[in-house]
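Quick mapping for you: the protein sequence lines, in order, are chains A and B.
Taken in order, the first sequence gives residues 20 to 507; the numbers are from the numbering used here.
Taken in order, the second sequence gives residues 28 to 407; the numbers are from the numbering used here.
Read the hints as simulated data drawn from the structure, not as lab findings.
Any given hint might turn out to be false.
[Unchecked claim] Derived contacts from chain B toward chain A, CB cut-off under 10 Å, selection only:
1) D88
2) S92
3) S97
4) R98
5) P208
6) D211
7) A334
8) R340
9) H347
10) P352
11) C355
12) L363
13) V366
14) S376
15) G378
16) S406
[To be verified] Chain A regions said to be covered by chain B (calculated; three or more residues, Cβ under 8 Å):
17) 62-76
18) 203-211
19) 415-428
We put the beta carbon where it would ideally sit given N, CA and C, even for glycine.
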Amino acid sequence: MSHLDALMTAEAVESGRGQRTSLLCHRRLAREPLVLVLWQLGAEPFSAAAIGWGTSEADFHSAVAGDPRNRTLSFAALLQLAQDFDVWFEAPSSRRETIKRGKRDVEVATTAPQVVVANGATLALLGRLGRRLAYLPTDGDDPADPALVRLGRHLQFLHNHAHVPGQQLVVVMTELMTGNWATGQSNVERQSLNALDAYIDPPEGMRGFDAAVIAEELSVGPLPRGEDDEKLEPLVQKFNDVRGGETSPAIVGPLLGLIAVHYAPLLQRAWQVVWRCFRREAAFEEAPSCERRWFEDCRAYSSHMDWVELTGGRRRTRKTARQAVRFLHDLESAQERLVSEEALDDPLRMIPYLLDGKAIRGTVLHVDRDHMELATKRNVRRPLVAIACDEPCRMPVGKTLYWTGDPSGPEWRIHAVQNASDGSTVTVKLMTSSPHPIPPPGEAASFSILNTKAPYWRLMPQEDPWTHRTEEEQPGSEHLEDRGGGTP
Amino acid sequence: MQSTDLSERADDLRGRAPRRSPTVRALATISRHTQCGVASAGFAAGVDFGLLLRGTDLVMDFGQSPFAFSRGKTFEAILARDDYEAVFTLLREQLGFAPSDTRAVNLRKGFRRNRVGMSDRAIATQALLSRMVRGDAMAPNLVDGAVFETEVGGVVAHFEADTLAARSGGELYPGEVKSFPVVDGRADPEKLGAALDQASVYALLAMRAVDAVGGDPHLISTKVLLITPRNVGLTPMLSTMQVSRRMERIEELFARVPDVREVGEMLPEGLTFDLVAEAAGNPDGRLEVLGSIAEALGVSYGDSCLADCGLARFCRSRLHAADDPAVCGRAMTRLLPCVATMARALELSHGASPVGREEAVALQLSRARKFYEGALAESA
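Generate the whole structure from the sequences, applying the supplied hints.
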């Protein structure tokens, strides 16, 4: 949070509606994403009581489990989702293009599927469902449908990939909107998509705060409100009484009616608000570097699909030390590139850096292309650019900066700073003698600490150091099913 | 007796307001709001904030799903089946209990479900404990629903522990039963933290109780038991966790809970929670009284209040009416120190001359505006 957020929040409170904190949309929003809405039964962690999905607002599909605490019933509902989801999710994998990575050729899918969910809790539930389904045995007695296992493995991949900063395979609506809008709400309140949406665009004649207070009463899942489940409880009770332990679709199917009627408005509510928010965000122009990140997403998707083709897609549930190091490194470098790209793409996102004194902006006064100075042994060319800024410069001489006009280009260093009461003249020095673009005199130019260079490659020792070896086998990677009592 | 006086004082302060005895959960909640005067007062006077504002627009809904409730009940029933066989199996496998260590006592049954019943259970717990620490061969190995009596903020409170397990002639382990699952050796960190906090309270109280019956407090293990379902089903599993650090924190917390007498002195004459609860009173009048109480004691509203305090919506609307930056979250309060209202922040950004300590913020806000307008002009 910066003082820009404080200012925009004050504007939001004053105007009674959300204020945009970025000019662009910093995530690619697919033309045909799959929106997924889920409801849990109480706090049942590993099942979904009602599921809604589809790739356009009109294309709404849904399934209810009846009593998701029963394994067969729960899986029957998830299987309906799996049959649509697997086909949709796997389709882009068949169209590949060949990309050269170093000496290797990689086949990368030309596009990738995008899943849109309301909030972080929905994503977390998808992760848990993935965990449950991905390791189900498909042989032996009572085998699981392979489509379910594939669904589980895809969800597991998506849930894992969703940790990567700036990824676009999973769009969590509350996160996307929190990044793009200032509202007079705390972060806890913004977790409610309904309240966030109501504040950003309140109904005619209403102020954001009041609209959000009303809207937060209505959940969009996956955790139900107590009173919703109180209405549901007798229906589930009756459903269980009538079916008398039966789980075959022929008997259960006709009994699901009342439960489906209970969930219909809840699913619709979530469905509509997610689509409304999605369309609002998609109306903003896409930031240029989404393209680079989308390519990374396509690569991740392709390698997941290759793994599924090759091995069935089974993964460890807990990473080895080596995998964990690599994963953390990937997350960190993705985060670094993301914040740089967003700030360089979008003038509003650059403001926090200007406010923090980590960037300077001004007009180029003069350029000295022929400045020479002694570098270790001989004199070399080190072009100088003097910039007139209307603020004092808070960075010291010697600080490394990058020109925002060429953020993946060579380093610049602060060569000299002359601070005056109403501004400063900052001279920056290009740290290479080879020809590179230089901002022309008279033009506006910005220099910041941000660059978009490829991250460094993390070298790892051949063998895990003794500090990172574990003797005992980590738990996990087993299927979770359990026939112990407790499931009706 | 002094504590009776204090109990009466608490009764006065509470009046007809709904009562909440200080449970472990309530204690955990107050530990997150120790800065808040009203929350501390409500805790000391035993007011149930969740129900206090019933009948007004600002009541909070913490309603639990009946399914979540029945999940917990089902799990507990599985544990209690066949004289706690499942629990003893786990204790044998993981803590080396002898096959003959299977004597269980259930204190949840046979007592009245009120304060007198709780008091009786506390006495029964004390008796069982003293047998357990003396190495009585027939002492129980498992006490379900032990109750500890202690004084919090000058008022006697009862805390109900889920389990207390003891190997014959060995250590005693306080334990907590939870119905959230542990998968791949991991649990939801927030739920786990809350569970361990509860277990630490039991451990601490059990230590005091052992001390009171003349036993060695170190007989109470600082390693507590957590019994949860494993994976998808409801098969129980046992985890043990070291909680000595948490116990230190809880001990500090017990000492910090304000005395109900102090709270009473801070309130102006005639102002009590009784008036807030008055069902016949019109909602606006009730909220006005609560507003005066908040004025007198001070509140500390933050993001976390909405999660567990029954007055959070009241505080939020009160602060919203005052255009206080705290409504926008703690981060906003930190960004705008010394700025009284959001409207003032806007004024400062437009170049209003800062008064007193507003100066630093004013500079940042006007810079932010300058850059913002510059960015918009640039992109236009």
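Checked hints:
With 10 Å as the threshold, the beta carbon of B:D88 comes within range of chain A, its nearest partner Cβ sitting at about 7 Å, so the hint holds. The closest approach between the C-beta of B:S92 and any C-beta of chain A is roughly 4 Å, which is under the 10 Å cut-off, so the hint is satisfied. Among the interface hints, the one on B:S97 holds; its C-beta lies about 8 Å from the nearest C-beta in chain A, closer than the 10 Å criterion. Because the beta carbon of B:R98 sits about 6 Å from the nearest beta carbon in chain A, less than 10 Å, this interface hint is met.
Using the Cβ-Cβ criterion of 10 Å, the hint placing B:P208 at the interface with chain A is satisfied: the shortest such distance is roughly 6 Å. With its C-beta approaching chain A no nearer than about 3 Å, B:D211 sits inside the 10 Å limit, and its interface hint holds. For B:A334, the interface hint holds, the least distance from its beta-carbon to any beta-carbon of chain A being 7 Å, beneath 10 Å. At a threshold of 10 Å, the smallest CB-CB gap from B:R340 to chain A is about 8 Å, leaving the interface hint in force.
About 6 Å separates the beta-carbon of B:H347 from the nearest beta-carbon of chain A, less than 10 Å, and the hint is met. The criterion of a C-beta within 10 Å of any C-beta in chain A is met by B:P352, whose closest approach is roughly 8 Å, and the hint holds. With a cut of 10 Å, the hint placing B:C355 at the interface with chain A holds, because the nearest CB-to-CB distance is about 5 Å. Because the beta carbon of B:L363 sits about 6 Å from the nearest beta carbon in chain A, less than 10 Å, this interface hint is met.
The closest approach between the C-beta of B:V366 and any C-beta of chain A is roughly 9 Å, which is under the 10 Å cut-off, so the hint is satisfied. For B:S376, the suggested interface contact is upheld, since its CB lies about 5 Å from the closest CB of chain A, less than 10 Å. About 13 Å separates the beta-carbon of B:G378 from the nearest beta-carbon of chain A, more than 10 Å, and the hint is not met. The beta carbon of B:S406 is positioned within 10 Å of a beta carbon in chain A (closest approach about 6 Å), and the interface hint is therefore held.
Counting residues of the segment 62-76 of chain A whose CB falls under 8 Å from any CB of chain B gives 4; the rule of at least 3 is met. By the rule of at least three residues with a Cβ nearer than 8 Å to a Cβ of chain B, the coverage given for the segment 203-211 of chain A holds, with 6 such residues. With 0 residues having a Cβ less than 8 Å from any Cβ of chain B, the segment 415-428 of chain A misses the three-residue criterion, and the hint is violated.
In terms of the numbered hints stated before, the structure departs from hints 15 and 19, listed from lowest to highest.
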